[in-house]
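Enquirer: Which chain is which? The protein sequence lines are A and B, in order. Heads up: the first sequence is residues 103 to 212, going by my numbering. Heads up: the second sequence is residues 21 to 135, going by my numbering.
In case anyone wonders, no lab produced these hints; they're calculated from the structure. It cannot be assumed that every hint is accurate.
[What the hints assert, rightly or not] Derived DSS-like pairs: lysine-lysine, alpha-carbon spacing no greater than 30 Å straight-line:
| # | chain 1 | residue 1 | chain 2 | residue 2 |
| --- | --- | --- | --- | --- |
| 1 | A | Lys181 | B | Lys98 |
| 2 | A | Lys193 | B | Lys98 |
| 3 | A | Lys144 | B | Lys44 |
| 4 | A | Lys147 | B | Lys98 |
| 5 | A | Lys144 | B | Lys88 |
| 6 | A | Lys181 | B | Lys44 |
| 7 | B | Lys44 | A | Lys147 |
| 8 | A | Lys104 | B | Lys98 |
| 9 | A | Lys147 | B | Lys88 |
| 10 | B | Lys88 | A | Lys181 |
| 11 | A | Lys193 | B | Lys88 |
[Unchecked claim] Simulated DEER-style distance windows between Cβ atoms:
| # | chain 1 | residue 1 | chain 2 | residue 2 | range |
| --- | --- | --- | --- | --- | --- |
| 12 | B | Phe94 | A | Ser154 | 34 to 40 Å |
| 13 | A | Ala122 | B | Arg42 | 38 to 44 Å |
| 14 | A | Ser154 | B | Ile75 | 39 to 45 Å |
| 15 | A | Ala119 | B | Glu38 | 28 to 34 Å |
| 16 | B | Pro81 | A | Arg143 | 43 to 49 Å |
[As the list claims (entries may be wrong)] A short, non-exhaustive set of chain A residues, derived as facing chain B with CB atoms under 8 Å:
| # | residue |
| --- | --- |
| 17 | Phe113 |
| 18 | Ser134 |
| 19 | Lys181 |
| 20 | Asp184 |
Where is the CB? At the ideal position from N, CA and C, for every residue including glycine.
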Amino acid sequence: RKEVEQDPGPFNVPEGATVAFNCTYSNSASQSFFWYRQDCRKEPKLLMSVYSSGNEDGRFTAQLNRASQYISLLIRDSKLSDSATYLCVVKVHYGQNFVFGPGTRLSVLP
Amino acid sequence: DAGVIQSPRHEVTEMGQEVTLRCKPISGHDYLFWYRQTMMRGLELLIYFNNNVPIDDSGMPEDRFSAKMPNASFSTLKIQPSEPRDSAVYFCASSLIRSNTGELFFGEGSRLTVL
């Protein structure tokens with residue numbers, strides 16, 4: 103089983119739609135969680151950290167369920183510019199090994 | 021401020037040749053990471069350094085791969101001899117752990133093709 107697994111995608115949604123991505127992780131010692139965004143042929147960039155109580159940044163909402171070892175990302179009112187691959191990232195509390203999921207590709211269509 | 025700088029951006033080489041990828045991290049960052057990305061395997065951590073010291077190289081595929089960080093502003097990833105299965109995008113990233121954001125700052129990547 104992979105350490106971090108994500109919905110395979112791709113997700114093709116119309117502008118204005120709400121879309122949710124799921125991620126599960128296998129290492130119960132994981133302590134820090136993130137969503138990164140990677141545009142086509144570009145480098146990954148941090149989208150947002152994920153906190154235990156859940157957090158929101160504009161149209162983006164991240165949730166964490168430690169008991170189920172599950173992370174989610176919700177995008178509301180999706181824009182064409184949201185088209186990218188979304189990577190779930192997990193880090194255990196020891197060391198600095200950031201483990202990236204395989205990513206879920208999103209295409210927002212006009 | 022300049023971000024993480026990698027070179028070359030693109031490299032095409034023949035099997036058996038030596039390849040050297042270079043990285044300049046963001047000034048002041050204390051961690052440096054080398055990742056490899058392929059369609060099949062996604063982003064894989066190869067090795068990371070803390071204050072120029074290699075901490076975890078368990079992701080380095082085999083002895084053909086080596087990485088060094090002679091000083092805080094420079095790192096290399098070397099493949100010798102290269103093989104077609106090494107074709108991938110190699111990313112360097114740096115971070116400042118003291119900032120506690122956990123953010124990795126990636127370079128634009130070096131796209132390697134081994135024929």
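Enquirer: Checking each numbered hint in turn, tell me which of them this model violates, lowest number first.
Expert: The structure conflicts with hints 1, 6, 10, 14, 15, 16, 17, 19 and 20, although it agrees with all the remaining ones.
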